[in-house]
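**Q** Sequence lines, in order, name chains A, B and C.
Mapping of the first sequence onto full-length UniProt numbering: residues 1 to 467, in sequence order.
Mapping of the second sequence onto full-length UniProt numbering: residues 1 to 467, in sequence order.
Mapping of the third sequence onto full-length UniProt numbering: residues 1 to 467, in sequence order.
Since the hints were derived computationally from the structure, they do not count as laboratory data.
All clues stand as given, with none of them false.
Beta-carbon label-pair distances, calculated as ranges: (1) A:Gly35 - C:Asp64: 30 to 38 angstroms; (2) B:Ser339 - C:Thr419: 53 to 61 angstroms; (3) C:Phe336 - A:Ala29: 29 to 37 angstroms; (4) C:Phe336 - A:Trp17: 20 to 28 angstroms; (5) C:Ala416 - B:Lys217: 51 to 59 angstroms; (6) B:Ala390 - A:Tyr391: 47 to 55 angstroms; (7) A:Pro335 - B:Ile424: 39 to 47 angstroms.
Not the full set, but computed from the structure, chain C residues with beta-carbon under 10 angstroms of chain A: (8) Ser59; (9) Tyr66; (10) Ser222; (11) Tyr224; (12) Tyr236; (13) Lys282; (14) Asp287; (15) Phe320; (16) Ala371.
In this text, a Cβ means the ideal position worked out from N, Cα and C, and glycines have one as well.
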Amino acid sequence: MERPRHQGMAKNTYMRWRLPLICLLWEVAMIVLFGVFVRFGPEADAHWEEEKREMNLTSDIENDFYFRYPSFQDVHVMIFVGFGFLMMFLKRYGFGAVGFNFLLAAFGIQWALLMQGWFHSFKNGKILIGVENLINADFCVGSVCIAFGAILGKTSPIQLLIMTLFQVTLFAVNEYILLNLLHVKDAGGSMTIHTFGAYFGLVVTRILYRPNLEQSKDKQGSVYHSDLFAMIGTLYLWMYWPSFNSAISEHGDAQHRAAINTYCSLAACVLTTMAFSSMLQKKGKLDMVHIQNATLAGGVAVGTSAEMMLTPYGSLIVGFICGIVSTVGYVYLTPFLESRLHIQDTCGIHNLHAMPGLIGGIVGAITAAAATEDVYGKEGFIKAFDFTGAYRSRTPSVQGGFQAAGILVSVLMALAGGTLVGAILKLPVWGDPAAENCFEDDIYWEVPEEEESDAYHMHNPDKPASP
Amino acid sequence: MERPRHQGMAKNTYMRWRLPLICLLWEVAMIVLFGVFVRFGPEADAHWEEEKREMNLTSDIENDFYFRYPSFQDVHVMIFVGFGFLMMFLKRYGFGAVGFNFLLAAFGIQWALLMQGWFHSFKNGKILIGVENLINADFCVGSVCIAFGAILGKTSPIQLLIMTLFQVTLFAVNEYILLNLLHVKDAGGSMTIHTFGAYFGLVVTRILYRPNLEQSKDKQGSVYHSDLFAMIGTLYLWMYWPSFNSAISEHGDAQHRAAINTYCSLAACVLTTMAFSSMLQKKGKLDMVHIQNATLAGGVAVGTSAEMMLTPYGSLIVGFICGIVSTVGYVYLTPFLESRLHIQDTCGIHNLHAMPGLIGGIVGAITAAAATEDVYGKEGFIKAFDFTGAYRSRTPSVQGGFQAAGILVSVLMALAGGTLVGAILKLPVWGDPAAENCFEDDIYWEVPEEEESDAYHMHNPDKPASP
Amino acid sequence: MERPRHQGMAKNTYMRWRLPLICLLWEVAMIVLFGVFVRFGPEADAHWEEEKREMNLTSDIENDFYFRYPSFQDVHVMIFVGFGFLMMFLKRYGFGAVGFNFLLAAFGIQWALLMQGWFHSFKNGKILIGVENLINADFCVGSVCIAFGAILGKTSPIQLLIMTLFQVTLFAVNEYILLNLLHVKDAGGSMTIHTFGAYFGLVVTRILYRPNLEQSKDKQGSVYHSDLFAMIGTLYLWMYWPSFNSAISEHGDAQHRAAINTYCSLAACVLTTMAFSSMLQKKGKLDMVHIQNATLAGGVAVGTSAEMMLTPYGSLIVGFICGIVSTVGYVYLTPFLESRLHIQDTCGIHNLHAMPGLIGGIVGAITAAAATEDVYGKEGFIKAFDFTGAYRSRTPSVQGGFQAAGILVSVLMALAGGTLVGAILKLPVWGDPAAENCFEDDIYWEVPEEEESDAYHMHNPDKPASP
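Pulled out of the complex, with its shape left as it was, chain A reads as follows (with noise of 0.2 angstroms):
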C-alpha cells in the first residue's frame, strides 16, 4: 500500500507553479462567487436606517455589531494567533506552524462564508453578510485548524489548502444536519468544530501514515523557546475561550452564561492538567506539553452547553474531568495510538479536541435533557432551546436524545470526510516532503541563513561547526 521512498530530496516538493498556481485560481474563483452571490447583510448595509426604522429600533446600538464584534475580535485571535503560535512547538516549524495555518484559515473563511452562506443566509439568491458570519467563518475555519495540528510538518501547503476547501465543504454540510434538521444547539461547537474537525484530521493522518517518520524524530521535539512561543498560543485560546463559546449565543443571558461558564471550566481544568501532568512523570516534573494543550480540554468540552444552564459548579466538574482525561491521553494514548493504529498525531488533537469535543456532545445532551421550566423559567426555557414553530412541543429528553444524535453525526461525517480527503491527499502530485523532511521549515521556506549556522550545524555531528 505504501509507495515506495527514495532518497528524501528526490521527492518533488518544488512549490513554485503549483502553489501559485492554485492560490490565485481559487481566489479568482472567490472573486467571482462572491460577486454572484455575497452581499451586505441588513444591519451592514447603508440602507441601515430604513431597516432601523422598520424593526422599530430606537438606536445603532441595536445594531448586531455592538452585541458581537468584541467576541468576533477575541474569536479571530484565537484562529490566527491562538492556533498558529500552539502549534509553534516544534523546534524547527514555526514559519510553516504561523504561516500555513495564515493561509489555509484566510482561504478557509472565504469559502466558509459561501458555504455557510448558502446553508444559512441565503435570501432572494443572495447570501447576506454580518458579523454573526464573520465569526460562524472563522468557527469554521477552527475545525481546519484543528485537523491541521495532526498533521502539522508532514505535508505540503498545497494538500492544506485542498484538505482546507473539503472540510470546509463538509463541516458546513455536517453543521447543516446538526443545526437545522436535528434541531440541535451547539454554539461553542464542541459536536460541530471540535469533534468533527478532530476525527476528520485523524483519519486523513491515518491515511497519510508514514512508516519511516522516525527519520525526523530528532526535529520532533520542541525547545526552550519554542515552547515559549507556544505558551502564546496557549493562553490566548484559553483567556479568549469565553468569547468563543458565547460568541454567537442568543443576545442577553445566554451570552452572559456561556461566557461564565467557560471560564469556570478552564479554571478547573488548569489544576488538574497540572496535578496528573506532575503525577504521570516519574520526577514529578509538569510537562509543557500538557500544560499547553490540556489546559484547553474544558473550554472544548462546555462547548455545548455553555450557553445553557450549566451552572458554575457544573462546568468545574466538566473541566475537572476534561484536564485528566486529556492529561492521560497525552501520556498513555498518544503514543498507543501511533505504534498500534499507525495514527501519528502530531499536536496530540485526540486529547485536546477528540476527547474532550465528545465529552462536550455529551455534557450538552444530558444538560439539554435535565432541562426544567423551572430552572430556565417559561419563556427562557422556549428561548435556549429555541422550542418554537415545528418544535413547539418537543421535550427536553427528545432534545437530548437529538444532541446526541448529533455526536454521532459528526463523528460519522468526519469519518467518512477524512477517508475521502486523505485519500486525494495521498496522491504523489502534491509536493509532500520526504519523511527524513518532515518538521523541517526549510523545504517550503526561505529560512535566515546566521540562524541555520547556528543552530543547523550543533545537531549535525558530519558538518563541524567551526573549520
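Got chain A sorted already, so can you dock chains B and C onto it with the hints?
**A** Positioned in the frame of chain A, the structure of chains B and C alone reads:
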C-alpha cells in the same frame, strides 16, 4: 534563625505526590463550595427575560455583559499574558514564570469568586455571579501575581498555591473593609490590589530571605530573547491598563473618564522612564528593566483616581512623577533593600507596585477631597462617590480622610498577612529549591534536552561542549 | 553633499543628557498645554447625567464609549504591539524596534491629542476629549510608526522624537485640509495615515541616505526567532485591521460594513501574497518578509472605501491586487529604490504603505464617484458622505474628484514635510549611529552580556569564541 543549608540537590523538591494532591483536593473543595453557593446572577440566568421586564429594560444590550465584557477580556489578558510574560525576563525561568502564574491565577480566580462573593454578592444564601464578579476575581488574583513577582524563582508551586489561598482571603477582607466599611473608592485598585499585593509580597520575600542567593546570581539576569518576551507582557499591561482602571467603574461617564485618565498617565510615564533610565546609566544607555516595568507605574498610580475628575493634565502629572520614582527605585532602592533590609525582590515590585500604589492612594485621597459639586455637577457628585444612604452627608474632605485611611489599612493588612503567610511558607515541607537552583526551570519542569545542551554547556565551563 | 564619515565609534551617540532633557522638557510642555487646553468631553465628564437628559438618551449604553472602546483597544494594540513587533525582524534590533516605537508613540499620542484637538474638538477655548480622540491620536501616531519603518535602525531616539513632533503637526494639518476643507472621507486613513506617513518616511530616509550602509549589512537580516517575533506584529495588525478601518466610522451600519470589507480584503491579500512570494523565488520557497508585510496591504488599500458600499467582492478584488503589488514591490522595487534612487527603506514601507495607500485613495475616489441613492438608500447616501449643510448639493462624481485631490494633497504634504524634517534630522547634533553601528541595539541599549557573547562572537570571525 536561618535553617541550615546543605548541598542544593539534597533539598527535596520532588513534587510528584504533593503537587497533585493539593491541586486535586483544592479543586474538589472548589466544586463543593461552588455547588453549595454559586449561582448565575440575574443577568446571566435564563430568567433574564422576566428580569428585563421587572427592571424596565427595553433591550438585551442593557445587560451588564455588554458594558463590561470587553474590559473583562482585556483584564484577563493582563493577568495571564501580561503578568505571565512580564516575569519571563529571567533567562532560565520562562516556564516557571508563565506556567506558575497560570496555575496560581487559575486557582485564585475560583477562590476569589467565593471570597468576594460572600462579601459582596451574597443573596439568600447564594453567591450570584455575573461578568463584574469575573473582573473582580481577576483583580484579586492580580494582587497575587504582584506578590509572586517578589518571590519569583525562589519558591515551589506548592508555596505559590498556599500563598494564593491566604492572599486571596485577606484581599477579600481588606477589600471589604475599604469598600464597605470605609466606603472608599478604588476602582483600579491602587490600594486594594497594588499597595496590598506589593507589601504582602515584600514581607513574604523578606521572611523567606536566602543569604546564599548569590549562588544562582548568573541565572538572575536576562538574555536578549527573554527580554523581548517580557516586552509582550509589558505592552499588554500598558495597552490594556485603561480597561483595568475602568472595568468596574459606573456605567457611562465614569468608565469613559477612567480610560482617558489612565491612557494619559501611562503616556507621560513612558517619557520620564526613558529619561531617567538614560540619565542614571553612565553611558546614557536605556535599560530594558526600566522600560519593562517603570513605564507601567503611571497605570498603578491612577488606579484610585482615574474614575474621578482627575483631568487629563492631572493624569499626566501623576504619570510624570511615577515614571521617575519607579526608575529611580530600580536603580537605587532595590539594591539597598536587598543589601540592607534583606528584601530580595526579584521583579522589583516595590518600584512598580508598592510606591506607585501608595502614590495612587494619596492622589485618590487628594482628588476626592478636592471634589466639588461645581466640577462634578450635582448628580455627578453624588454618583461619583456614591454619597447616598448612610453616606448622604459625607463631605469631600471627609471622603479624602477615609481614602487616606484606606491606604493605611491596606498596608497594615499586607504587613500582617505577609508575615503570617511568610511564616507558613518557611516551613521546610513545601519543596522549595535550594539557593543554587533558584531561577531555574528544570527543578520543576521537564526542559527540552537539546536546548539544555545548547545553552547550558556554554555557561558551564566544567562540561566540555563537544567531547 | 554627504558629511564626511570617520571611524564609527568616533560618532557621538552618547544620549545621557540629550535624551533625558528632551523627554523631560517636552513632557513638561505637554502638561502645561494639557492644563491650559484639554478637558473631558461631555460623554466623559461627570456632568454626563445632565448631558444624557439634554440629548434625550435613555441609557448609559448610548455613551460613545460603548460604541468605540473595543475598537480603540484593538487599534492601541496595533500601534504598540503591531508596529513594535513587526519591526522586530532585525536580528539585533529588537529592543530598538519595540522600545523606540513605544517612546515615539507615547509622546506622539499626547501631541496628537493637542494638534487634532485644536483642529477638531476645540470649543470655548478648550479641547474636549473622548474615546474618539484617543483613537484619532493613535491613528496619527500610526503614520509616524510607518515612517519609522523606513529609517529603522539608522537613527537615534532623539531624531525619532523630533520627527514625531513635526510629523504629528503636519499630519494634523493635512488631515484638516482633507477632512474639513476638501470634505473627503477617509475613515481608515489610506490617504491621511498610510500615503502621508509612507511618503514622509521615504523622503526622510532619502535625505538621510547613508552611502556606507553595507558596513552593517550583516545585521540587516533576520534570524529564525526574530522572524517569529515579527509574526506576532503581523498577525495583530492583520486581525485587528477591521477594527482600525471601522473605529471612527459612523455608528451602526458604517462601522459594521467597514469591518466586513476589511476582513474580506485582508483574506484575499494573503492568498496572492503567498502565490507571488513562491512564484518570484527561484526555488519556489515562501519568503517571511512577504508574509510579514504584503499580507497587510489589503487592509491599507480599503482604508478609504471600507465604510462605503465597496461590497465584499469589491474588497476581495482590492486585496487580490494589493497582495500582488506589494510582494512584487518587495522583490523588485525595494532594491531598485535603494540602488538607483538612494532610498534605503528598511522595512519596505513603500510596498506596504505607499503603494497600497495610493491604491486605497484611488479605490475610495472611484467608490465615492460610483455611489448612487439606489445603492445607499436616500438617507444612507446622505449619511455615508455627510452631504449636509454646505455640502448638501455635492454629487458623487464631485466627491470622487475631491477624494482624488485628497491623495494629491497628502503626497505633496508628505514630500514637503519629509524634506523639511529630513533636513533637520541631518544636522550632526542628534547622536545618530555610524554606518557600521546601524541596526544594532547596543549603541543605545544595555544589552544582556551573556547573549552578546553567545551571539556576537559567532558572527565575528576576528574575535575567537573561546580563548
